[in-house]
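Q: So the protein lines, in turn, are chains A and B.
This note's numbering puts the first residue of the first sequence at 1, with every later residue one more than the last.
This note's numbering puts the first residue of the second sequence at 113, with every later residue one more than the last.
Simulated from the structure, these hints should not be mistaken for laboratory data.
You may find that some hints are simply not true.
[Claimed, not checked] Derived SDA-like pairs: lysine to any residue, alpha-carbon spacing no greater than 25 Å straight-line:
1) A:K99 to B:L186
2) A:K53 to B:T132
3) A:K99 to A:H78
4) B:K123 to B:D183
5) A:K99 to B:P219
6) A:K99 to B:D183
7) A:K99 to B:M181
8) A:K99 to B:A114
9) B:K174 to A:V44
10) A:K99 to B:Q129
11) A:K55 to B:A114
12) B:K190 to A:V27
13) A:K99 to B:K174
14) B:K123 to A:V84
15) A:K53 to B:T214
16) B:K123 to B:F177
17) B:K123 to B:T214
18) A:K99 to B:R162
19) B:K190 to B:T143
20) B:K174 to B:R115
21) A:K99 to B:G171
22) A:K99 to B:R164
23) B:K123 to A:G41
24) B:K123 to A:V44
25) A:K99 to B:R115
26) A:K99 to B:N142
27) A:K55 to B:G128
28) A:K99 to B:N163
[To be verified] Among chain B residues calculated to face chain A with C-beta under 7 Å, some are:
29) L157
30) Y160
31) P166
32) D168
33) T214
34) F217
[What the hints assert, rightly or not] Here are some chain B residues the structure puts well away from chain A; computed CB gaps all over 10 Å:
35) T119
36) E126
37) M127
38) L155
39) D175
40) P182
Note that CB positions come from ideal geometry on N, CA and C, so glycine has one too.
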Amino acid sequence: KNEVEQSPQNLTAQEGEFITINCSYSVGISALHWLQQHPGGGIVSLFMLSSGKKKHGRLIATINIQEKHSSLHITASHPRDSAVYICAVRGAGGTSYGKLTFGQGTILTVHP
Amino acid sequence: DARVTQTPRHKVTEMGQEVTMRCQPILGHNTVFWYRQTMMQGLELLAYFRNRAPLDDSGMPKDRFSAEMPDATLATLKIQPSEPRDSAVYFCASGRGSSTDTQYFGPGTRLTVL
Numbered sequence: 001k002n003e004v005e006q007s008p009q010n011l012t013a014q015e016g017e018f019i020t021i022n023c024s025y026s027v028g029i030s031a032l033h034w035l036q037q038h039p040g041g042g043i044v045s046l047f048m049l050s051s052g053k054k055k056h057g058r059l060i061a062t063i064n065i066q067e068k069h070s071s072l073h074i075t076a077s078h079p080r081d082s083a084v085y086i087c088a089v090r091g092a093g094g095t096s097y098g099k100l101t102f103g104q105g106t107i108l109t110v111h112p
Numbered sequence: 113d114a115r116v117t118q119t120p121r122h123k124v125t126e127m128g129q130e131v132t133m134r135c136q137p138i139l140g141h142n143t144v145f146w147y148r149q150t151m152m153q154g155l156e157l158l159a160y161f162r163n164r165a166p167l168d169d170s171g172m173p174k175d176r177f178s179a180e181m182p183d184a185t186l187a188t189l190k191i192q193p194s195e196p197r198d199s200a201v202y203f204c205a206s207g208r209g210s211s212t213d214t215q216y217f218g219p220g221t222r223l224t225v226l
């Protein structure tokens with residue numbers, strides 16, 4: 001079993017729909033990252049969070065440390081949101097501190 | 113606008129050749145990470161430096177891969193000899209190293225080993 005599991009693996013939506021991508025992890029972490037990778041390949045960090053909730057524009061990320069679960073929500077989705085969304089967890093301590101372990105990614109396609 | 117730079121952006125080489133990839137972290141960042149991305153494995157950590165010292169290179173095949181930071185402005189990843197299974201996109205990322213800091217990714221080097 002992977003340390004970081006994302007669901008769904010593929011997601012197709014119509015423009016304007018509310019989207020949720022889930023991430024579950026099985027190890028102790030110091031933080032969780034949500035990354036976005038566009039078809040051109042560049043990776044951008046969207047959020048880093050260790051508790052609660054963060055919001056940036058139409059994107060919302062939440063984390064439940066007790067349940068080892070995080071969600072990324074996109075409100076009023078748009079075709080330009082089409083990308084791969086990757087969850088990554090940062091190790092909690094010792095030599096794992098700072099080390100990122102990645103989920104397999106969720107491929108999101110938003111149709112006009 | 114500070115960003116991580118990587119060179120070359122694309123590299124095609126023949127099996128057995130040496131490959132060197134370079135990364136310039138954002139000025140002031142003291143942690144540098146090398147990641148590899150393939151279709152099969154997704155993103156994987158290869159090596160990780162803090163203050164130029166290697167902290168974790170357990171993800172790296174030791175017999176052919178080596179990672180160094182000759183100075184604070186340059187990180188290198190070498191493969192010698194290269195093999196077709198090394199074909200991937202190699203990303204460098206840098207950060208300030210605190211528990212609240214994010215990582216900033218470079219554009220990647222797309223390596224093809226024939």
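Q: With reference to the structure, classify each hint as holding or not holding.
A: Now the hints, each set against the structure:
{"no.": "1", "hint": "A:K99 to B:L186", "result": "holds (20 Å)"}
{"no.": "2", "hint": "A:K53 to B:T132", "result": "violated (41 Å)"}
{"no.": "3", "hint": "A:K99 to A:H78", "result": "violated (32 Å)"}
{"no.": "4", "hint": "B:K123 to B:D183", "result": "holds (24 Å)"}
{"no.": "5", "hint": "A:K99 to B:P219", "result": "holds (20 Å)"}
{"no.": "6", "hint": "A:K99 to B:D183", "result": "holds (21 Å)"}
{"no.": "7", "hint": "A:K99 to B:M181", "result": "holds (18 Å)"}
{"no.": "8", "hint": "A:K99 to B:A114", "result": "holds (22 Å)"}
{"no.": "9", "hint": "B:K174 to A:V44", "result": "violated (29 Å)"}
{"no.": "10", "hint": "A:K99 to B:Q129", "result": "violated (30 Å)"}
{"no.": "11", "hint": "A:K55 to B:A114", "result": "holds (24 Å)"}
{"no.": "12", "hint": "B:K190 to A:V27", "result": "violated (31 Å)"}
{"no.": "13", "hint": "A:K99 to B:K174", "result": "holds (18 Å)"}
{"no.": "14", "hint": "B:K123 to A:V84", "result": "holds (24 Å)"}
{"no.": "15", "hint": "A:K53 to B:T214", "result": "holds (16 Å)"}
{"no.": "16", "hint": "B:K123 to B:F177", "result": "holds (16 Å)"}
{"no.": "17", "hint": "B:K123 to B:T214", "result": "violated (28 Å)"}
{"no.": "18", "hint": "A:K99 to B:R162", "result": "holds (11 Å)"}
{"no.": "19", "hint": "B:K190 to B:T143", "result": "holds (19 Å)"}
{"no.": "20", "hint": "B:K174 to B:R115", "result": "violated (29 Å)"}
{"no.": "21", "hint": "A:K99 to B:G171", "result": "holds (11 Å)"}
{"no.": "22", "hint": "A:K99 to B:R164", "result": "holds (15 Å)"}
{"no.": "23", "hint": "B:K123 to A:G41", "result": "holds (15 Å)"}
{"no.": "24", "hint": "B:K123 to A:V44", "result": "holds (23 Å)"}
{"no.": "25", "hint": "A:K99 to B:R115", "result": "holds (20 Å)"}
{"no.": "26", "hint": "A:K99 to B:N142", "result": "holds (14 Å)"}
{"no.": "27", "hint": "A:K55 to B:G128", "result": "violated (48 Å)"}
{"no.": "28", "hint": "A:K99 to B:N163", "result": "holds (15 Å)"}
{"no.": "29", "hint": "L157", "result": "holds (6 Å)"}
{"no.": "30", "hint": "Y160", "result": "holds (6 Å)"}
{"no.": "31", "hint": "P166", "result": "violated (11 Å)"}
{"no.": "32", "hint": "D168", "result": "holds (5 Å)"}
{"no.": "33", "hint": "T214", "result": "holds (5 Å)"}
{"no.": "34", "hint": "F217", "result": "holds (4 Å)"}
{"no.": "35", "hint": "T119", "result": "holds (15 Å)"}
{"no.": "36", "hint": "E126", "result": "holds (24 Å)"}
{"no.": "37", "hint": "M127", "result": "holds (24 Å)"}
{"no.": "38", "hint": "L155", "result": "violated (4 Å)"}
{"no.": "39", "hint": "D175", "result": "holds (21 Å)"}
{"no.": "40", "hint": "P182", "result": "holds (21 Å)"}
Violated hints, listed in ascending order, are 2, 3, 9, 10, 12, 17, 20, 27, 31 and 38; each of the other numbered hints is respected by the structure.
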